[in-house]
Amino acid sequence: MTRYRVMAYVTGVLLIVLCFVAVPLKLFAHNGVLSTAVGIPHGMICYPLYLLTTFDLYRRVRWPLGKMVLVVLAGIIPFLTFYVERRVVAELRERAAAAPRADAAV
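Quick note on UniProt numbering: the sequence shown kicks off at 1 and runs consecutively.
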């Protein structure tokens, strides 16, 4: 879960910087330096790692495929990554808290 959380935050922050700072600078100030400096690491390193960590989490917690797709898509919409990350963490913490009680009842 920690790997997913880190990648969700890194991906979300870089996406916000890219969408709200770098791209407007490129379009309106004709300065593409920040766009290149943020866009390449985001697209070639961070987002693929976000996909891999999401898939790893999906595999470990046995989510339905549709849920994994929604979590992956959250990584391409600014600010949604943070909301989904909080929901995923809350769900996994609830699962972890409920697991010992289910075993103790048997």
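No lab work stands behind these hints: they were computed from the structure. By construction, the Cβ of each residue, glycine as well, lies at the ideal position given by its N, Cα and C atoms. The reader is advised that the hints may include incorrect statements.
The following label-pair restraints were derived from C-beta to C-beta distances [stated by the list, open to error]:
1) Arg95 / Leu73: 35 to 45 Å
2) Pro100 / Pro48: 27 to 37 Å
3) Val61 / Leu27: 39 to 49 Å
4) Arg93 / Val21: 28 to 38 Å
5) Leu27 / Ala96: 28 to 38 Å
6) Leu65 / Cys19: 21 to 31 Å
7) Met1 / Val33: 17 to 27 Å
8) Pro100 / Leu51: 13 to 23 Å
9) Ala96 / Tyr9: 14 to 24 Å
### Query
Checking against the hints above, which ones are violated?
Hint check: 1, 5, 7 and 8 fail, others pass.
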